[in-house]
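Residue strings, one per chain:
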Amino acid sequence: MPVLVFADHDNRSLKDNTQKTVTAALALSGEVDVLVAGKGVTAVAAEAAKIAGVRKVLTAESDALGHQIAEALAACVIPLMASYDAVLVPATSVGKNFAPRVAAALDVAPISEIIEVVDPSTFVRPIYAGNALETVASVDAKKVITVRPTAFKAAAEGGAATIEAAPAGVGAPKTRFVAEELVKSDRPELAAAKIVVSGGRAMGSAEEFQKVIEPLADKLGAAVGASRAAVDAGYAPNDYQVGQTGKVVAPQLYVAVGISGAIQHLAGMKDSKVIVAINKDADAPIFQVADYGLVADYKTAVPELMAALDTVKA
Amino acid sequence: MATASAWKVNHMKILVPVKRVLDYNVKARVKSDQSGVDLANVKMAMNPFCEIAVEEAVRLKEKGLAEDIVAVSVGPAPAQETIRTALAMGADRGLLIQTDADPEPLAVAKLLKAVVEAEQPSLVIMGKQAIDGDNNAVGQMLAALLDWPQATFASKVELSGDVVRVTREVDGGLQTLELDMPAVVTADLRLNEPRYASLPNIMKAKKKVIDVKSPDDFGGLAAPHLTVKRVTEPPKRTAGMKVETAADLVSKLKTEAGVI
Ligand SMILES: Cc1cc2nc3c(=O)[nH]c(=O)nc-3n(C[C@H](O)[C@H](O)[C@H](O)COP(=O)(O)OP(=O)(O)OC[C@H]3O[C@@H](n4cnc5c(N)ncnc54)[C@H](O)[C@@H]3O)c2cc1C
Ligand SMILES: Nc1ncnc2c1ncn2[C@@H]1O[C@H](COP(=O)(O)O)[C@@H](O)[C@H]1O
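Chain order of the listed sequences is A and B.
Read in numbering that gives the first Met the number 0, the first sequence has 123 at position 124, and its numbers run on one by one without any break.
Read in numbering that gives the first Met the number 0, the second sequence has 164 at position 165, and its numbers run on one by one without any break.
No lab work stands behind these hints, which were simulated from the structure alone.
A virtual CB, placed ideally from N, CA and C, is assigned to each residue, including glycine.
Certain hints may be false.
As the list claims (entries may be wrong) - Derived pair list, reagent style DSS-like, types lysine-lysine, alpha-carbon separation capped at 25 Å:
| no. | chain 1 | residue 1 | chain 2 | residue 2 |
| --- | --- | --- | --- | --- |
| 1 | A | K141 | B | K228 |
| 2 | B | K26 | A | K272 |
| 3 | A | K269 | B | K241 |
| 4 | B | K251 | A | K218 |
| 5 | B | K203 | B | K62 |
| 6 | B | K206 | B | K60 |
| 7 | A | K269 | B | K235 |
| 8 | A | K279 | A | K218 |
| 9 | A | K298 | A | K312 |
| 10 | A | K298 | B | K251 |
| 11 | B | K241 | A | K193 |
| 12 | B | K253 | A | K218 |
| 13 | A | K152 | B | K235 |
| 14 | A | K312 | A | K210 |
| 15 | A | K152 | A | K269 |
| 16 | B | K12 | B | K212 |
| 17 | B | K241 | A | K218 |
| 18 | A | K279 | B | K251 |
| 19 | A | K312 | B | K251 |
| 20 | B | K241 | A | K279 |
| 21 | B | K241 | A | K298 |
| 22 | A | K269 | B | K26 |
| 23 | A | K269 | A | K218 |
| 24 | B | K253 | A | K272 |
| 25 | A | K218 | A | K272 |
| 26 | B | K235 | A | K193 |
| 27 | B | K26 | B | K235 |
| 28 | A | K55 | A | K152 |
| 29 | B | K253 | A | K298 |
Said to hold, decoys possible - Just the calculated beta-carbon pair ranges, DEER-fashion:
| no. | chain 1 | residue 1 | chain 2 | residue 2 | range |
| --- | --- | --- | --- | --- | --- |
| 30 | A | D282 | B | S159 | 49 to 55 Å |
| 31 | A | K218 | B | E255 | 15 to 21 Å |
| 32 | B | E157 | A | K279 | 39 to 45 Å |
With these hints in hand, go ahead and build the complete structure from the sequences.
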């Protein structure tokens, strides 16, 4: 059964969500191709061709694909599905946006954010903010699946797939791209980082968030995350949000500073290997999932932590 | 009626699909026979993202950019309460497509498509995700079935003439798109803060009409494509230890956990 993997990239470089999704695809089938849809994606396609286990890389290019407009991506993928039994899409904001459109056009039920492949028709996915896991079997001949990347290991390098061009499709005649405001940062990407430091409502202001959370993250070489409360209050940008409706992360180390641990937040980080919580309320629910809890005011605890990190590193 | 676009601006109808779900404050409990999540005797409420969608529609009406707001739900008889909440927030009419089945996103999207064809709204505003199934699919599927443009995960919605401009929350930050209407918009958390219905508005909502129909009135309920084999509890994380000082913490992270 040939399976298509939709590549996650920003037109310049491939994101490792792609390699993780390839791993999920290889659990379904040995015949895995990757689609790189975008604009000016030659370098991205070359990276994708190196993923071990990939047969063929398809490239499709247009302006609308470059802006990752849902109608354009769907119009590109739908005709390709004549040759594939399943398409696996990383569950990013791009993937979640267009994959259901493909499913509707094929008259199949999309399967959202799988975390396990049981067999080629049966999958496990979290529901209710991860408080339950559902095992679902699909009767559809063609499957449209989004994959939670943190649940799969990245496929290794070492492949040498062929690269060929595919039709771009009709674009998005009823949608116009207006603008994009992307947060620039030299830190590791939140979804892929080995260490994440997140701040919550306790920070009280954007200045305090920058003064407390960001230096700690820099010291640890970590990405920065935030609770919804911190984002809503404007202490941190929206793409920092970790949780049921934000990003799902599973780093080696997750440090939650001044975050209470609401179920919606836990949904995004409880699969981290080691969780550290700093909170002045000993009864905060975050301590129920934390491996190491420090009951303290962050105002004193974080500077002490920074100093202690200097000592071990020195 | 002057021009087509003037008509739309003056007489715009917005359809808002709303779902009744387990209240977001209640922790879901898995049934011991693994058949699903226990919904007996627990508090149910409108899906939070649907509340945001209703609020946005009402604000557009308050700005004079919409005339008629129809709240529609596919679900069991008590989903009337969910529709009633939307009416108390300011929606004008309600439609319940009553079914005790728990329809999949594909089936819901097909019913909503038939409702759109009957009601002819210029805009459908709905939640990005229902917090029970966490599918994040119905809006995109409805747009596809109608061949309409879509803007999901909206944090800002501006109407002018036949165009809706939407700022979307995406992984890297924000993206702004312009769509030709009719269109589907799905609401993210920061689009607005939904109002609490006031007592007079709750009283007024009691007089508003809720049509109760069956799936057969809208082309029937599509057969399921998915079977739920079982629903289980996720692996439990247990609380670890409390450390006394930051220095303790760092030495544990280094020697015991080996993560720094
Ligand atoms: C539909 C829906 C989806 C949601 N999705 C998400 C999501 O994706 N992600 C998310 O995070 N939330 C989400 N939420 C919100 C969630 O329910 C919580 O409201 C939110 O996570 C709370 O953020 P917080 O922990 O920063 O704030 P609070 O709950 O207010 O906690 C602040 C914590 O800081 C501690 N504190 C205060 N001062 C100090 C100090 N000086 N030193 C140390 N500790 C201190 C307090 O003890 C408290 O525990 C969602 C909610 C809904 C309804
Ligand atoms: N049974 C339903 N009745 C009405 N609207 C629904 C129903 N199911 C989903 N929706 C709408 O679709 C949105 C996304 O839901 P989902 O794709 O199931 O996560 C919800 O926020 C609702 O606006």
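Status of the hints after comparison with the structure:
no. : hint                          : verdict
1   : A:K141 <-> B:K228             : holds, 19 Å
2   : B:K26 <-> A:K272              : holds, 23 Å
3   : A:K269 <-> B:K241             : holds, 18 Å
4   : B:K251 <-> A:K218             : holds, 17 Å
5   : B:K203 <-> B:K62              : holds, 21 Å
6   : B:K206 <-> B:K60              : holds, 19 Å
7   : A:K269 <-> B:K235             : holds, 9 Å
8   : A:K279 <-> A:K218             : holds, 23 Å
9   : A:K298 <-> A:K312             : holds, 22 Å
10  : A:K298 <-> B:K251             : holds, 21 Å
11  : B:K241 <-> A:K193             : holds, 23 Å
12  : B:K253 <-> A:K218             : holds, 14 Å
13  : A:K152 <-> B:K235             : holds, 21 Å
14  : A:K312 <-> A:K210             : holds, 21 Å
15  : A:K152 <-> A:K269             : holds, 17 Å
16  : B:K12 <-> B:K212              : holds, 20 Å
17  : B:K241 <-> A:K218             : holds, 23 Å
18  : A:K279 <-> B:K251             : holds, 20 Å
19  : A:K312 <-> B:K251             : holds, 14 Å
20  : B:K241 <-> A:K279             : holds, 12 Å
21  : B:K241 <-> A:K298             : holds, 18 Å
22  : A:K269 <-> B:K26              : holds, 15 Å
23  : A:K269 <-> A:K218             : holds, 23 Å
24  : B:K253 <-> A:K272             : holds, 14 Å
25  : A:K218 <-> A:K272             : holds, 20 Å
26  : B:K235 <-> A:K193             : holds, 22 Å
27  : B:K26 <-> B:K235              : holds, 14 Å
28  : A:K55 <-> A:K152              : holds, 21 Å
29  : B:K253 <-> A:K298             : holds, 23 Å
30  : A:D282 <-> B:S159: 49 to 55 Å : holds, 50 Å
31  : A:K218 <-> B:E255: 15 to 21 Å : holds, 20 Å
32  : B:E157 <-> A:K279: 39 to 45 Å : holds, 42 Å
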